[in-house]
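Read in order, the letters of the sequence shown are residues 125 to 378 in the numbering used here.
Hint data in this document are derived by calculation from the structure and do not stem from the laboratory.
Treat the hints with care, as some may be off.
[Unchecked claim] Distance condition first, Cα-Cα at most 27 Å in a straight line; then the derived DSSO-like pairs of lysine-lysine: (1) Lys255 <-> Lys287; (2) Lys342 <-> Lys255; (3) Lys178 <-> Lys244.
[Unchecked claim] Ranges between beta-carbon positions, derived for each pair: (4) Gln207 <-> Asn374: 47 to 53 Å; (5) Gln207 <-> Ala361: 40 to 46 Å; (6) Thr267 <-> Asp331: 26 to 32 Å.
Where is the CB? At the ideal position from N, CA and C, for every residue including glycine.
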Amino acid sequence: MRCTFHILLLFIIQFSCAGSAPLYVAPGSNPAYSAGQRKSQYSREGRDFRSRFKQGKIIVDIYPRRGEGYIDLAVRISNQPKQWQKLKKWNGNLKFPRRGRPIAVPFDYLNITYRLKAIKSLFPRDAYTSKGWKHYVTYAGETMWFIAATFTGDGANYPAIQKANGFKKRQPLSIGNVIIIPLNILSDEFSRALPSHPDLSFEKGKDGKLYAIYQLKKGEALYSAVVVRFTGRVEAADVNEMAKKIMRLNGFRD
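Could you build the full structure based on these sequences and the hints that come with them?
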């Protein structure tokens, strides 16, 4: 017999945008990050990309590739490739892009791929969770409007973020604050930031929370095939407690 279990990720898995592998953590704990995931106002990825936070905005320095013209460059990085003239303007109206000379590009001009690159490099601790996108305030000058504009696509959504995080009107942010951007207003591009897993699929429930689906195979036990494997719990009491939560979530009797 095969059973499909919907596993609430709040209890089980958090994903870091700093890498493609899932981080298995206990509820209320913080994921571990490598020493290379340090805070930096300037973060360079590869040879053709650098992101920075400046005056309350994300700016991305794009390094043109060999033989790349403005149209080619716009097609590679932009969600507005027909507006390649903007690149020329931002590049001092030079006739051609110059390899080795970066072009400073606003965040909202970028396509999904480069927006996610910018977020990953500037905010390596950010993660997609069952409640929404978990954002760590990292730079002086971050505001609720900036967070709303960056992660929902519209700065006017900031009151919803304030309410979800228990912030008062005009309450300033401090470095180290953790802000949750609720799933119902989170931009689709960040919802698609989940890493793949060969044995799990993911979906949002009617309650707006994120769930993982695992198909329990014949001969597998819930305790070892799901709880121990996907949560890292090994103590008998912890394993039993989590197994009961999963069974209740799926409508199974003990």
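Going through the hints against the structure:
A distance of roughly 14 Å separates the Cα atoms of Lys255 and Lys287; the hinted pair therefore holds under the 27 Å criterion. This hinted pair does not check out: Lys342 and Lys255 have alpha carbons roughly 32 Å apart, beyond 27 Å. Annotation: proposed proximity of Lys178 to Lys244 holds, straight-line Cα distance about 16 Å (limit 27 Å). Distance hint for Gln207 and Asn374: a CB-CB separation of about 49 Å, consistent with the stated range 47 to 53 Å.
Remark: the range hint 40 to 46 Å for Gln207 to Ala361 is contradicted by a beta-carbon distance near 59 Å. At about 30 Å, the beta-carbon gap between Thr267 and Asp331 stays in the expected band of 26 to 32 Å.
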